[in-house]
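J.: Here the protein sequences come in this chain order: U and F. Residue numbers for the first sequence follow my numbering, so the first one is 1 and each next one is one higher. Residue numbers for the second sequence follow my numbering, so the first one is 1 and each next one is one higher.
Keep in mind the hints are simulated off the structure, nothing from the lab. Do not take every clue at face value.
Remember, identical chains collapse to one label, so a pair may be satisfied in a single copy or spanning two.
Distance condition first, Cα-Cα at most 25 Å in a straight line; then the derived BS3-like pairs of lysine-lysine [said to hold, decoys possible]: (1) 428 with 783; (2) 795 with 717; (3) 629 with 656; (4) 812 with 754; (5) 48 with 721; (6) 632 with 871; (7) 422 with 355; (8) 845 with 754; (9) 656 with 783; (10) 650 with 629; (11) 791 with 584; (12) 428 with 223; (13) 293 with 381; (14) 731 with 328; (15) 629 with 417.
Predicted, not measured: the structure shown is a model, and the values here were computed from it.
There are 2 protein chains.
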Amino acid sequence: MKYVYSFSEGNKDMKNILGGKGANIAEMISLGLPVPRGFTVTTDACIKYYEDNENLNEEITKQVYAKLAELEKVTGKILGDINNPLLVSVRSGARVSMPGMMDTILNLGMNDEVCLTIAKMTNNERFAYDSYRRFIQMFADVVMNFPKEDFEGLFDKIKEEKQITNDTELTALDLKEVIDKYKQQYKKHANTDFPQDPKVQLIEAIKAVFRSWNNDRAITYRKLNNIPSDWGTAVNVQEMVYGNKGETSGTGVAFTRNPATGEKKLFGEYLINAQGEDVVAGIRTPQSIETLKDIMPKCYEEFQKICTILENHYKDMQDMEFTIEEGKLFMLQTRNGKRTAEAAIKIAVDLVTEKMISKEEALLRVDATSLDQLLHPTFKKEALAKAKLITTGLAASPGAATGRIYFSASDAIDAYKNKHEKVLLVRKETSPEDIDGMNIAEGILTIHGGMTSHAAVVARGMGKCCVSGCNELTIDEINKTIAIKEDILFHEGDFISIDGNTGNVYGEQIETEERKISGAFETFMNWADEKRTLGVRVNADTPKDALTAKNFGAEGIGLCRTEHMFFEPTRIFHFRKMIIAETKEEREKALNEILEYQKDDFYKLLKTMAGYEVTIRFLDPPLHEFLPKTNKEINELAHKLKISFDSLSKRIDSLKEFNPMMGHRGCRLAITYPEIAIMQTKAVIEAAIKLEEEKITVEPEIMIPLVGDINELKYIKNIIKTTADTLILNKNSQVKYKIGTMIEIPRACIIADKLAEEAEFFSFGTNDLTQLTYGFSRDDSPKFLKDYYEKNIFKEDVFSSIDEDGVGTLVKMAASLGKKTRPNISLGICGEHGGDPKSIEFCHKNNLTYVSCSTYRIPIARLAAAQAAIKSGCKSKE
Amino acid sequence: MKYVYSFSEGNKDMKNILGGKGANIAEMISLGLPVPRGFTVTTDACIKYYEDNENLNEEITKQVYAKLAELEKVTGKILGDINNPLLVSVRSGARVSMPGMMDTILNLGMNDEVCLTIAKMTNNERFAYDSYRRFIQMFADVVMNFPKEDFEGLFDKIKEEKQITNDTELTALDLKEVIDKYKQQYKKHANTDFPQDPKVQLIEAIKAVFRSWNNDRAITYRKLNNIPSDWGTAVNVQEMVYGNKGETSGTGVAFTRNPATGEKKLFGEYLINAQGEDVVAGIRTPQSIETLKDIMPKCYEEFQKICTILENHYKDMQDMEFTIEEGKLFMLQTRNGKRTAEAAIKIAVDLVTEKMISKEEALLRVDATSLDQLLHPTFKKEALAKAKLITTGLAASPGAATGRIYFSASDAIDAYKNKHEKVLLVRKETSPEDIDGMNIAEGILTIHGGMTSHAAVVARGMGKCCVSGCNELTIDEINKTIAIKEDILFHEGDFISIDGNTGNVYGEQIETEERKISGAFETFMNWADEKRTLGVRVNADTPKDALTAKNFGAEGIGLCRTEHMFFEPTRIFHFRKMIIAETKEEREKALNEILEYQKDDFYKLLKTMAGYEVTIRFLDPPLHEFLPKTNKEINELAHKLKISFDSLSKRIDSLKEFNPMMGHRGCRLAITYPEIAIMQTKAVIEAAIKLEEEKITVEPEIMIPLVGDINELKYIKNIIKTTADTLILNKNSQVKYKIGTMIEIPRACIIADKLAEEAEFFSFGTNDLTQLTYGFSRDDSPKFLKDYYEKNIFKEDVFSSIDEDGVGTLVKMAASLGKKTRPNISLGICGEHGGDPKSIEFCHKNNLTYVSCSTYRIPIARLAAAQAAIKSGCKSKE
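Taking the hints into account, I'd like the entire structure generated from these sequences.
T.: Dropping the structure here:
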């Protein structure tokens, strides 16, 4: 096994074993660019290191020394040599960039003797001592894991003694003193002297970088970014070049285009007389890259040339690090630059215009999920201008939200369901129990927690606006208030607005507005539509959502959840009356009160989506979800219903279930109470007939949920057909409608051939299907699945993408059985996976007809569908 | 479509269209036996009748009249004729016998004129009028559905007026008066005269019998016996013969062998001068069939000959009805006689000895499920002799049970779990909410409800002793007492004993004893073992159950549920401490307290089953099941644990789940708390090592429940293997053990090929698999599934037998994928289906290795496995 590669042996396609940094350095060398020489210890070596219980075996060590010898030959310098010593940097570099998460050691090779030689050779004592003290400090921290402050404290103390504020003011002598103190401190911690043998230093440094793959920061970062923990990191050992050798030296970073806007213009910054870490530390303010033109015109010209070479070679915007050592430019790193979604689209479209890449390549360049950032509502500019900023937290999840504040998930849900308010959930910090409250809130505001807190992570997953870590706020959960510095006080129910893009919090209601798809974004989405074969529909229950979705490119509604309509205050009473009713007649009477409302719902929805198919799912949730929970509410309802508190409580109790997810819901409700299905059918068909009279053609699709047996479907279909056909016949109407079923029960997948005899379409409800296939209750599993993620039993959230091995096999089975019976059957997916790129690719591969997702995920779905089509080499639509 | 068959056109194999009775009458005619002639209206006609909304169409009516004409030709009599009138009976007859559930009409053809003719022809006015009045009464009841009491009342009034107690004392004149009154009463109800046209009578009677297929009695009977409601009934129209024509006439029923014991001896009874209904009515006591020998020796001799002919022909014990009309014997019906399980076995074994049938046929003759009756415990004879009978109810479910009485399911569960008592559940009547209480009770006693009450049906399903409808008892649920006639009082916690075979209730504890397999039963079971290829294991958690099961023929344990062991009072505290513990160390300490107990459990269990495989399932239920529920109990535990009530309550609350069935249970517990799996592994392996030291070879199999992903299995297997192998190595032991998994999650079936890489065996947990495949919570679904059964969406209990289309497909998939990876993988089933004959046949067909079932179902499983092997033409073991 080859564990170590010289830079000259690699290329950009070897990222898996050399890491991104190593592979790109190798590529730059093959392009003839000025890059300091070195070698890469592979990710395989890292994996082996962990397999061997954090030991670097002899074979790897041998190979490292062999490549070191080659490096010494190429550079003419020797590690630890008193005459011409080699100094190297030791840097991490994983397959994908994990900026700042792992460790780096610079100036390795320094020891007491080498330091003197360097001082002599460079004729710069201060430089030599400064390099040595930096090395000891890094080594103590990264390799030995000694407390940072013990070394920093010593440094600060000497600065204090010398009455100095800037590091640069320290003299060589001062630094020598620092070194002595550092070595004493080192010995105190280690019980041995600081290692003078550079070969020992090297091996220890390589091991330390391997270890840093599993530091807390790195683990969290991987989890957030779904990076497998078994990849490991490579280590790059590279000859040091110095940007801190005086006024003709410097170091910087630059992008070939603007990573925020995508503008085609060199973008970056640098520091004169500095090392890389100084740029990161932020003590000195770097200068814009453009100023380099005047200061070092030759270097700038060369750098510009290199930028063009790299962009033409990589055919993408590059993010580069460089160092200028005494007037000579060295490239330390290049990679495809990270960019905002906006920039990604602009660059992709520009690169097509510049004939650098094809439309297909452009479409593949943009991470579909990132489009989410571009479409969330913003505050109206004029409204925002007048708004009063009260405090600022972390911009944890994009968007703008305004709503009445509530301090617990249950209060928020109550206000949402019963008072029909727009709510903002305010919590010290959120926990998995808050999920339902987060789900119905416009936005989430937390006092504690950073960018990776529960609130932040979950809100981003939900595409919901969140400001976290708003430390200035104090919360009083008993009196239900929040305060800022004791003089600004807000009560439960007051309006607050939050901006998830800036972290700003405003003490009032601010009008928001939807965003549009235009410019390069529009061009780009049109290309996506040319390439994709999958249809994209929206999950929407209201005309407002439907309209927004249509503007975002939705081609119909894949899931209209009718139950949301029953929560409106005007209807919920009648619906509760229906639930409480003891006879069919009472039930029918109560339902009749809702019929006109429901008809109006469908009328508006169908009208908004005229010309497109609209899939209406019949009542799905268990009835107890519609009933009041607290004694106070029960009392009120009992009073209104003119029945006793006891008998109402008893009825509510009788509806309680041990496992409601597998209880009396979905089509099972329509079997017990066919009158509900009859009312809903009337509402759909009467709405369609009314639109027909207005010469508007609509295509309602009635969807029966939670079917597991053919006889369930037959029974309910018969009820729907009888009701619908009678209405159509009586009105002499030509209205067409379809009846289909959701496939969300494992058994439905297995008997899909039989279901297709009755169902004109299938829509996969992969949320419930995933729950049942795994036997994981979505409400309960987060608690124990965290152990799964921690113990690496599951690599990523089991609900985030379709589980191809399990759920996917069932979906494939159902699709193929369904088509066997009814070759032209329409196959959709309407669970949350309908907006997940990985799942969309699965749907494309398995020839589904369409995906349906939430409003803000429509562009994601369009792009992901196009990417799937391109990847599978599928022909475009036109 | 042929809707009507003459008796001479049918044979015994046409039961599906002619019904059992019609087919057997036809067969007897083809055997040349004396049978009154007639015809059968088919079950197809019945189905058509219902399809046409309870109308008899012209075609059927036409065919009835055509066959009537044929009958008139054969008999030389004509329906309604004044000179030689034909009288017929109209009887139901379904595919399978539903005794007494549907309706019959006799003497049809009678009217005012015919009655006079009959009187003249028979020279027996009294007979003629009696027949007529019986006919009117039956017609009014069965066809017209008029209140029975309105006619019976009139009859009783006349008897009263005449000061007569016996019907036979009524004179012809009296009966004429009855007829007049009946006709008036009829007119009062119907607003028309009693129909004089016999053809109208006939068609109305046929329709009435069809209708009786759907009367309440019949529907309940079908449900109880899993008879599909779409089969319909046939109707037999047969020339009347009369057993009530004087002292040379009579009627009776007889069996060719004793249906209670199986003894080979004619068994039956008859009445002289009577019609069939008189035997049923029970007003006169019938005589034993043997006495007929002296009274009518010629008839008796002929009857005996016919018995032999029928047994030889049907090769089975026959149940026959006969009538003697003025010295002439007529056979009215024959069928394979119903018998007790004991008789069934005796007869089957005897028939083999008599060379009438083969062993295979004998094995197929006995309903496997019926063996359940033979093995339930009985009271010890000496103990029973001394016991005091306090009252008697209905013998609702066989067995004998003794225990402390509790009046609610929760109190019973509490006493069982926390006081480790044997409990008897006493309820006014049970409801689905009582299921858990019924399940842990020794037996169930109810005040209300008959043989088909909830308690009776569920108890029979559970194989649990039940006495229902014990009306003499009064229950005081507040003071928790039961009383009999105010002078006998029992309090909660007192001992009572019930006998489910007799309905007797005793006011004390009575020792019970297990029953054995011996005699003909033993012979029979040995034949079953010769034929079957499926292994049969038991689901048992205690050495006692294991021993009983071994005596019943169990070949190992297929499921030992370890959680039951934790409920013992000595252990539950430590287990609760483990649950409450906040650190791994505390948990390990608490578990350590349980280790020795658990080791002892396994030691005894393994020892009992030495030489056989014993599958031990690791902890499965959610932890909250082990924690106290009431405030009082929580307080007690908090005190013992030295923590506050609040913090304990909080911990208990934190374990509550929305859908516990899909929550933190099964292998998910071992992932969060590996220390539980480690403790259980130690217990198993240390027990095995101890037995090894005693030179007893045991074969423990460790089963990991609720696995859905390969990584779950890998993680836990690794923990178990490390723990076990260390113990074995340290003790220098040769103990062998296996690690396998339950397949009870749909996803496990789909990825079974992967699971088989790690699992040495699969055991299908079809209970949970059925719940998840259908998405039916077993706790909640009974409430709404009743609508499914009523609406004929499901034909039978969805949990009673394996659902071959859905769950079965998953099982087949898992079996075949598992074998692909590991050809010799052991495949068992350990859900309740392991004791269900239909499911056992499925397991045989799909080449499973064994079934595992509850103790009392072992013989059922052995027989069902043999039957499955015979049916599939499989070679026998030897």
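J.: Which hints, by number, does the structure contradict?
T.: Numbers 6, 7, 13 and 14 - these are the hints that the structure violates, sorted from lowest upward.
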